[in-house]
Amino acid sequence: MDALLLSRLQFAAATYFHFLFVPLTLGLSILIAVMETRFARSGDEEYRNMARFWGKIFLINFAIGVVTGITLEFQFGTNWSRYSRYVGDIFGSLLAIEATAAFFLESTFIAVWALTWNRLSAKAHAVTIWLVAFASNLSAVWILTANAWMQHPVGYTIRGGRAELTDFFAVVTQPFAWHTILHTLSGAYILSGMFVMGVSAYHLLRRQHVSFFSRSFRMGTVMALIFSVVAVVHGHVQGSEVAKAQPTKLAAMESLWETKQRAPQHLLVIPDAKGERNRLELGAMPGVLSLLAYHDINATVKGLKDFPKEDRPPVTITFLAFRIMIGLGFLFPVLALWAFWKRNRLLESPRLLKVMLYAIPLPYIASQAGWTVTEVGRQPWVVYGVMRTAEAGSPIAPSQVAVSLTAFVVVYSLLGLAAFYLMARHAKQGPAVDVAAS
Amino acid sequence: MLASVWFVLWGLLWAVYFMLGGFDLGLGIMQPLIARSEGDRRMIGQAMGPYWNGNEVWLIAAGGVTFAAFPTTYAVMFSGLYSALMLILFGLILRGIALEFRNQSRSGAWKSLWDACLMVGSFLPAFLLGVAFANIFQGLPIDQDGVFRGTLWTLLNPYGLLGGLLFLLLFVEHGTLWLAVKTTGALHERAGRWAKGLWWALAATAVGFLIATWYATRLYANYLQNPMLFSVPIVLIPAVTVAALFGIRLFAAKNRWGRAWIASAVTIVGATFFGVIGLYPNMLPSNLNPTYSLTVHNAASSPLTLKIMLVVAVIFVPVVIAYQSWAYKLFHHKVSEEDLAYEEAYGQ
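If you read the sequences in order, they're chains A and B.
If you read the first sequence in our numbering, its first letter stands for residue 1, the second for the next number, and so on.
If you read the second sequence in our numbering, its first letter stands for residue 1, the second for the next number, and so on.
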């Protein structure tokens with residue numbers, strides 16, 4: 001295997017792993033901040049206990065998110081040096097701004113928050129977690145802006161053998177970036193809401209800490225409900241944004257080979273990438289794809305065959321990942337609505353609780369699938385239309401990358417196990433303070 | 001001009017990381033040597049608990065600024081030093097997780113495992129950052145395309161190893177002094193003794209490094225060639241650094257541990273600046289052919305990016321310094337049984 005392929009595998013492994021932990025920190029920090037605010041307002045100790053219980057899970061995720069985030073930043077230099085040299089002027093500055101404007105705030109106040117439960121007033125302590133929540137989400141905004149630039153580069157010119165910034169304002173205000181941000185944050189909030197619901201369901205099924213976990217469950221439900229609806233409605237808008245900005249990705253997402261006017265959406269498709277066709281297409285709904293992509297039932301959607309072969313992304317992976325994300329994306333508002341409807345009768349709804357408990361992994365799968373669509377669907381480009389992935393790697397020996405990739409797999413697997421063990425143990429244990437009696 | 005300003009800021013960010021991250025790296029390395037009981041180990045954890053995360057962001061900022069302001073330097077430095085950087089990264093991962101996970105379980109095996117990770121994970125970055133910077137001072141085998149013609153073993157040459165040893169000693173001295181500041185009782189006494197003893201090794205290595213630098217690098221030649229440009233730094237930086245190095249010992253002898261730590265901080269910043277300013281205008285000198293070197297001019301970003309970044313830095317860095325100082329003040333008290341009790345109660 002060559003250094004390029006190994007580097008791609010390594011970056012994929014490192015990013016997938018990183019994003020197993022990040023989304024929960026984005027939403028959970030907000031929920032914890034709300035809990036502490038309620039405590040500060042009402043003096044109801046249970047909210048404080050909730051913040052402490054969920055706070056511990058948050059800290060475990062945060063720790064892994066931080067250490068795996070550093071490796072991502074440095075991998076641009078170690079494994080993607082040609083990319084870094086070519087786009088550092090724009091991409092690098094977004095990462096540097098993220099560190100300066102957001103990550104410092106997050107990392108400083110997370111320690112303050114974790115260590116001052118008994119020292120700061122309830123109000124001041126709530127402020128520290130709000131700062132952490134704000135900074136974590138701001139951090140995501142900058143990183144996603146950087147990613148959006150790779151998907152849809154704007155505000156630059158090619159000069160002296162590299163991309164140079166010409167319009168910073170265009171880079172940070174482009175709609176593609178804001179769609180990416182809204183979509184990714186919605187996904188993170190769904191995941192966080194459903195995580196809280198699932199863990200709460202575990203205890204409610206056992207009828208322990210009932211008030212504590214009913215409140216938690218309801219807070220998670222509100223978050224999951226709002227953002228699962230946002231994700232579905234807005235996902236459609238984002239789809240048409242992709243259609244405009246990245247037509248090859250759209251064609252791969254739909255496994256559309258021939259250019260078609262009034263392009264249909266099929267209920268069931270089995271792509272055959274080698275044969276450049278679909279082995280099976282069932283349940284055609286004429287014009288629906290045209291409508292979704294261009295808001296016009298008669299619009300022409302360009303098929304993969306009308307793009308040069310070397311410009312097409314891997315179809316099967318992109319297509320499957322997209323279907324998984326969409327399928328789950330439609331399931332989430334249904335689940336959240338069901339939970340919202342039953343929110344005051346949780347103990348009488350064991351079936352709901354069981355479903356929510358087993359649904360914990362689903363938003364994780366959806367967000368990983370979503371990133372697969374985004375990143376695999378962008379291929380063969382590292383910066384869409386500007387630089388190919390094949391031109392982006394570092395001039396390094398494959399053996400070096402083989403060793404580091406192996407080390408990543410081993411270390412990350414062990415870390416993942418340790419984190420999973422700690423989280424599962426803590427989640428099952430429930431709150432340290434016995435509130436079942438109250 | 002703008003690029004030169006960023007060169008100084010680039011050096012400053014690395015220096016601040018070495019100054020802040022240095023003490024928690026040093027403490028991580030010294031933990032098994034200084035601690036004699038579980039109580040000691042937890043005190044040492046407490047002494048860096050509130051800070052290490054915020055300290056490490058200075059490394060992320062230093063990396064980010066290298067990427068943003070000097071993309072070519074970032075590309076060549078990070079890919080060229082691939083294996084060393086990967087080891088540094090794995091070290092940082094292990095120690096970060098060790099600090100957060102260690103006290104999550106009461107099992108002795110669990111704790112010993114993370115203690116070992118903390119030690120190894122702190123040693124690797126401390127030593128290898130020294131190796132990397134010494135090699136940068138010395139020059140790297142960079143060809144005309146910016147490709148690094150070497151391996152990890154190329155870096156482990158005598159001068160590189162001496163640089164690694166110097167960083168290691170700077171950091172363990174710095175960390176031991178921090179522990180002396182933050183603790184009382186037997187642990188404090190032991191930290192003080194270690195700090196006084198380690199100082200001799202540090203001073204001897206520093207002298208050796210300064211002499212070796214004359215032979216191995218062009219830093220002094222660069223200083224002497226540009227007397228106008230360097231007239232201030234050439235006198236000031238080495239003078240302050242050497243004075244601070246002796247200051248550590250003087251303050252330590254008087255048991256003025258806070259001042260000794262500040263002197264140690266000045267030594268670290270001074271030593272970094274001595275090297276970085278001596279490189280100017282080079283950033284990564286090539287030892288194959290000086291014309292292949294990456295300089296402030298041929299590696300910098302566009303003036304627009306440098307300008308925007310400067311605005312961001314001018315606004316946010318003072319704010320960061322303000323709230324980090326506030327956080328340092330908030331936890332300025334000596335660690336005590338009370339902190340351990342907090343840990344029990346709040347299960348941090």
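It is possible that part of the hints are untrue.
As the list claims (entries may be wrong) - Covered stretches of chain A, going by a simulated chain B footprint (3 or more residues, C-beta under 8 Å):
{"id": "1", "segment": "73 to 80"}
{"id": "2", "segment": "95 to 105"}
{"id": "3", "segment": "276 to 283"}
{"id": "4", "segment": "405 to 416"}
It should be emphasised that the hints constitute simulated quantities derived from the structure, not laboratory data.
Beta carbons are placed, not taken as given, at the ideal position from N, Cα and C, and that holds for glycine.
Against the structure, the hints:
1. As drawn, the segment 73 to 80 of chain A meets chain B at 6 residues by the rule of a beta-carbon pair under 8 Å; at three or more, the given contact holds.
2. Given as covered by chain B, the segment 95 to 105 of chain A passes the check, having 10 residues with a CB less than 8 Å from a CB of that chain where 3 are the minimum.
3. As drawn, the segment 276 to 283 of chain A meets chain B at 0 residues by the rule of a beta-carbon pair under 8 Å; below three, the given contact is violated.
4. Note: the segment 405 to 416 of chain A has 3 residues with beta-carbon separation from chain B under 8 Å; the three-residue rule is met and the coverage holds.
In summary, the structure is inconsistent with hint 3 from the numbered list given earlier, while agreeing with all the others.
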